[in-house]
Amino acid sequence: MLFLYRLLLSLALPVLLIRLGLRVLRGAEPAAALAERLGGGAPSAPGAIWLHAASNGELISAQPLIAALFAARPGLRLLVTTNTVTARAMALGWGDERIAVRAAPLDTRWALARFLARHRPAALIVVENELWPNRLLGCAACGLPVLAIGARMSARSARRWRKTGLGPRLMRAITALSAQDPASEAEFRALGLPARATLPVVNLKTAVRLPEPDFSLGWPRTTTLLAASTHAGEEEIVLDAFARARTTNPSLRLILAPRHPRRGPEIARLIAARGLAFATRSTGEPAAAPVLLADTMGEMANWYAAAGICFIGGTLVEKGGHTPFEPAAQDCALLHGPSVFNHADAFAALDAARGAIRVEDADSLAAGFTLAPSAQADLARAARRALAALAAEGAPARLAQALLARIDAPKRR
Numbered sequence: 005m006l007f008l009y010r011l012l013l014s015l016a017l018p019v020l021l022i023r024l025g026l027r028v029l030r031g032a033e034p035a036a037a038l039a040e041r042l043g044g045g046a047p048s049a050p051g052a053i054w055l056h057a058a059s060n061g062e063l064i065s066a067q068p069l070i071a072a073l074f075a076a077r078p079g080l081r082l083l084v085t086t087n088t089v090t091a092r093a094m095a096l097g098w099g100d101e102r103i104a105v106r107a108a109p110l111d112t113r114w115a116l117a118r119f120l121a122r123h124r125p126a127a128l129i130v131v132e133n134e135l136w137p138n139r140l141l142g143c144a145a146c147g148l149p150v151l152a153i154g155a156r157m158s159a160r161s162a163r164r165w166r167k168t169g170l171g172p173r174l175m176r177a178i179t180a181l182s183a184q185d186p187a188s189e190a191e192f193r194a195l196g197l198p199a200r201a202t203l204p205v206v207n208l209k210t211a212v213r214l215p216e217p218d219f220s221l222g223w224p225r226t227t228t229l230l231a232a233s234t235h236a237g238e239e240e241i242v243l244d245a246f247a248r249a250r251t252t253n254p255s256l257r258l259i260l261a262p263r264h265p266r267r268g269p270e271i272a273r274l275i276a277a278r279g280l281a282f283a284t285r286s287t288g289e290p291a292a293a294p295v296l297l298a299d300t301m302g303e304m305a306n307w308y309a310a311a312g313i314c315f316i317g318g319t320l321v322e323k324g325g326h327t328p329f330e331p332a333a334q335d336c337a338l339l340h341g342p343s344v345f346n347h348a349d350a351f352a353a354l355d356a357a358r359g360a361i362r363v364e365d366a367d368s369l370a371a372g373f374t375l376a377p378s379a380q381a382d383l384a385r386a387a388r389r390a391l392a393a394l395a396a397e398g399a400p401a402r403l404a405q406a407l408l409a410r411i412d413a414p415k416r417r
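Here the sequence shown stands for residues 5 to 417, where the numbers follow the working numbering.
No false leads were mixed into what you were given.
Just the calculated beta-carbon pair ranges, DEER-fashion: (1) Ala121 - Glu240: 45 to 51 Å; (2) Val28 - Asp349: 38 to 44 Å; (3) Cys146 - Asn253: 57 to 63 Å.
None of these hints come from the bench; they were simulated from the model. Computed from a predicted model, the values in this text were never measured in an experiment. Using N, Cα and C, we set each Cβ at its ideal position, and we do this for glycine too.
Throw the hints in and build the complete structure from the sequences for me.
Encoded structure:
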């Protein structure tokens, strides 16, 4: 199956390179990022720990660990890579001389070989689900410790891994893994992760401190709704629910923030088809209409801070749901659908504490959208208490020490 993965990747590579080149020509991506994706770009200081996070959310969740690593080992250097240019820009914006920032190399053996030769890292730490076969196997073959943090594995994903046959081989490449929750750890163990490679379960998102909002809509918070990280099939439900809710409370406003902003034109058509006036964030239109299509990356903290009520996307379709920790930290009242397997423990705690409302369709979502301000405040307080109980004080510091110990340990023969 590894041969098939590499074959399909090779066949898709010309199309991918053309798309990346077009992004550079359109100004959506700097040429330097494209060079880095091919394993090129400016070399960094050798001996750094390579930390890879896919995009903004994963990078934000890794920040407490990054701080803990620097506190545990003064003089440490990091090489941070990301998949998205917005996350790359975020990391560059930290302005930390101890951190080199690059776009992640494509998961091809030649791009990885160029990257490793250019940067010569001491170890690889991957955040959450970034378990790319060539990257993990290539680093392990070079003798680099491979560590995974906040790793998540649902039963559904584990079944797919078993079908590919890659699971046991990739698990053997991992030096140490800290799962996001006990259920994920059990799935990794069932896939073949050795007992010696398990680290304590740590959910990094419980320690996240969101950046301060840098933009305000000026809308009253108790009448501002957010649909966060929605997927195809959810926007129709959200918009129908919003239209119904406005018949009860015409002052309601909606921020619709899709998981993939490139779907903006498609979603704009859905909004227009319902006769709703809207502004588009990417064009800089004034937010005077009842709906703001938030088709940009890296601004979710602004939207959490603006909204009194947040519907968590990926829960009304079979995507498993996105994080409830960040909107709860901003005191949003939380609404979610039935598909929550990505954060099952967190959603179970929320529901048990009455810190969230489960919705099934447009009618129940519309009812959630019309919660009174006092009910919003009650939900937000309950959510904070429920999720705080899942947080382990000092977990990033302990995880940093455990990771450094594994990196420093003599290599097994």
